[in-house]
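First to last, the sequence lines map onto chains A and B.
First residue of the first sequence: 1, per the working numbering; consecutive thereafter.
First residue of the second sequence: 1001, per the working numbering; consecutive thereafter.
There could be a bad hint or two in this list.
Which stretches of chain A does chain B cover? Using the computed rule of at least three CB atoms under 8 Å from a CB of chain B, they are [claimed, not checked]:
| hint | stretch |
| --- | --- |
| 1 | 44 to 51 |
| 2 | 54 to 62 |
| 3 | 72 to 82 |
For the record, the hints were derived by calculation from the structure and aren't laboratory data.
Built from N, CA and C at the ideal position, the CB exists for glycine as well.
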Amino acid sequence: MHSPELLKGTLQTIVLKVLKDHGKMYGYEITQRVKELSEGRILLTEGALYPTLHKLEAEGLLKTEVVNIGKRIRKYYTLTAEGRSIAKDRVYEFIDFIKTMSSVLQVNVG
Amino acid sequence: MGNLTDQHIDYIIKDLNYRGIIVEGFQDEVVDHICSAVEIEIGKGKRFIDAYHEVLKSFGSTSGLRKTQFQTLKSKNQNSRIMIRNYLTIAWRNLKRHAFYSFINIAGLAIGVAACIIIVLFVLEELNYDTFNTRAERIYRVHNEVKYGTNHFHMNGCSAPTAQMLAENFPEIESTVRFIQFGTYLVKPEDTVENIKEENVAWTDSTIFKIFSLNIIEGDDKTALTQPASVAISRRTAKKYFPFTSALGKSLILDNKYHFTVTAVYEDIPQASHFHFDILMSLVGDLPPAKLAQRTTLFDSYNFRTYLLLKPGAEAKALEAKLPGFIEKYRGKQSENGTFSMEKFRASGNKYEMSLMPLRDIHLHSDLDGEFESNGSITYVYLFSTIAAFILLIACINFMNLSTARSANRAKEVGVRKVMGSLRSHLMRQFLTESTLVTSVAFIFALGLAYLLLPFFNILSQKQLQLPFNDPAFYLALLGAGLLVGLLAGVYPSFYLSAFRPVNVLKGHLSVSIKSGFIRGALVVFQFVISIFLIVGAITVNRQLSYMQNKKLGYEKEQVIIVHDAYALRPNKVQTFKNEALRIDLIESSSISSYVPVQIQNAGRGDRTFWKTGNEPTTENLLNIQLWSVDHDYFNTFKMKFKMGRGFSEEFPSDGSAVVLNEAAVSQFGLSGDPIGQSISANSGAETKSWTIIGVVENFHFATMRENIAPLGIFLGNTDGFVSFRFRTDNPQEVIHAVEKVWKSLAPGQPFQYSFLDVDFGKMYWSEERLGKLFTVFATLAIAIACLGLFALTAFTAEQRSKEIGIRKVLGASVDSIVLLLSRDFGKLIIIAFIISGPLAWYAVNWWLKMYTYKAVIGVAVYFLAGALALIIALFTISFHSIKAASANPVTSLRNE
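Please build the complete structure, drawing on both the sequences and the hints.
This is the structure in structure tokens:
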């Protein structure tokens, strides 16, 4: 498990990238997907996920779609056009960051 | 994976609701999330309830859920653009719904801000006098202060050689320039007949163009004024005399005797300058003023205004410190009998000092006799700045009071907003947006109002102020001020309103402070303290003004016409003019004199030092008195009264060496016994001459009442300064026509200049009149804005207490008693305001009246009058709503449907 401190700055990047790869997703699905991709080493807490989702939505990077499933209401998130381009930027930015970190810490990544 | 039943889902929804998860959008999402997670757990073989609790734990239970909800809300609301739009919508709706209060808020603020804009323009111009000179920081005027015996002079001029000697002695002086003025001149271009009277005329050195930033548009600044009989004129003067051609090289004739050649034309001097010369004549050559300027002795006359330009980096203070040595070196030497010594002079309590007045301080800090123009006053700059700030404050207070008073109505809104998840910071932002919106609207109105009112202010203040619409800094300043005032006015209400606890306000418990409104009361008191203060100020200034205008002067100022510049009748027609005019039967008497008993601009008076005949002249017994030359009819034309002795008479041929003193002169000469028959002496040229006192005239006011009546000696002499006529008719126009006809026949082509004595007298008090008017305007504004606030406040209280009033009426209260009830609270506040402002106003009034030797008595009555005025206006304001509320039918307020 990675420490939540490390995750903090990358949360938006993770959410954006996952949504970019999978299109429409709802909150729970995102947590599960991330868990799966990281082989259980990254657990998105709900306390962190929902504020992030709502913030991205308010900024216009995500749009939502509400579907009724029986008594429940499910809210799907998808990237907007702006969100898609930002998602790409964020990923490159992060790769760049890792490179920088590897030279700062004097280790080889990968 | 097990699917949840509807009951399970219902359970989860209710449970989450119970735990406080209520925010729309977030609630559904969490329910779905939890359901999905629970389904997975159930799929692993857990019971529903265990699975649910397991999942809840992963959310951090109730507190964790709530925290997430809170953070979600917060991150969502951080998009300020949307929220600001929302705030603006709400603010706009609020303004519209409460149009009455909005109007009062905006109107009050707009008036206050308009007054402020105008005053700030005024103050800025006053503070930036003479800054158009690029070397302003290095220019200084030399002042002299001399004190001996009972004489004390503070002069802004120097003797002729001082400038050159200073420059020779002190290398830090880069250049010097001198000015000398001899009143007005009659001017015409060569080959024309009509003279025009010019007031802004001075003789000066050619260095003026090196020191002051006068832009030469024609001619060369290196050669201008360097030749004898050369003159430099302003653009408007050039246009006046040579409208169609270049003025350069043309000739101007001054006073029918001096022929000058125009060697330069300069741009009109900006408004914000302490001089506005239109004609500058060279001090080179052999004309009398030029000869005076070239004298190398005579340190005793201080006729030349002398300006120094210091070298960059030179310290004025350091130079000033060296000046006593300079005086010692030259003044000592020049004294007539050579026995003069500076130490002896100072040791007997006398004073002789030179000081340097920075150019930029002249306009606001120098008010000496013989300034080029009447200067401003730093006191008034402070005074008006303070008034502007106060008026703005009064308007802001209105805003605060109305906002907090109406907070009761908005308490519910605040409660609901808070319950819906608004944070305190959101609410504060909302209220601040509202107040900024109101102030912005008010500022726009204020700008229009200021634009409309500026011409009136310009008339009052004798200025030519304009709103600087082309200056981006002006808009920036307005915007900045708008935001500042918005914050200032909005910060208290927003703190106050956003602090409500939703539980209390939604239950209907308003905190005690809303109802008691202590702070609101205090603010109302503050508004009225200022208003009453300003009213007292206005009454005082106007009282003093009318006191000065109506005081017994010692002569009769009505029905006298004065003809100016009688020297235009030279060489010998003055007496003819007088005699011819006396034949007009509307004219009672007439007198030719060098001076008249009012101060007329551009006419300084001469003085000379006398001593009692028989005494050895020493610094202790010398007395400087004014020296007036008059003819035989002076005293009866002005109707002056004699204390002792007689006036000049043709029956006594010896009156040529006689003098009439005023009472002040008699007492200051220390003449013992009967002054009639004693005599006084003075140096006349190289010899000493004596005059016999034949009469003592009662003290009469010939200067402003700021000053004591100065000692005065009136002599019989041939002069041609003024010809005064006392007439007997209610139609002065007839007299003017008749006298003008005589003038035209004797002095063709010379302008006929006349004035009425009482008008000239009134002009001496222009500054007081202006101050009085401005004070009246500002006091009216202050009280109007304060009353506007009071008006809205009473409307509000009456509305709040409508049920109480209804019940009282049902139980038998009369309309009167209810009006009294409603008025009493505000009445009390105004009485408190009166008690506070009384001493403040008393102090200020005494401070201001200190300027005057002759002052009106401002009794307690004035204060009570001001207080009563404020109270009556306030009660009148209150009565509108209180009577309306009191006479309303209780049914309407008590009906509960």
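Hints, verified against the model:
Counting residues of the stretch 44 to 51 of chain A whose CB lies closer than 8 Å to any CB of chain B gives 5, so the stated coverage by that chain holds, three being the minimum. Given as covered by chain B, the stretch 54 to 62 of chain A passes the check, having 5 residues with a CB less than 8 Å from a CB of that chain where 3 are the minimum. Counting residues of the stretch 72 to 82 of chain A whose CB lies closer than 8 Å to any CB of chain B gives 4, which reaches the minimum of 3, so the coverage claim holds.
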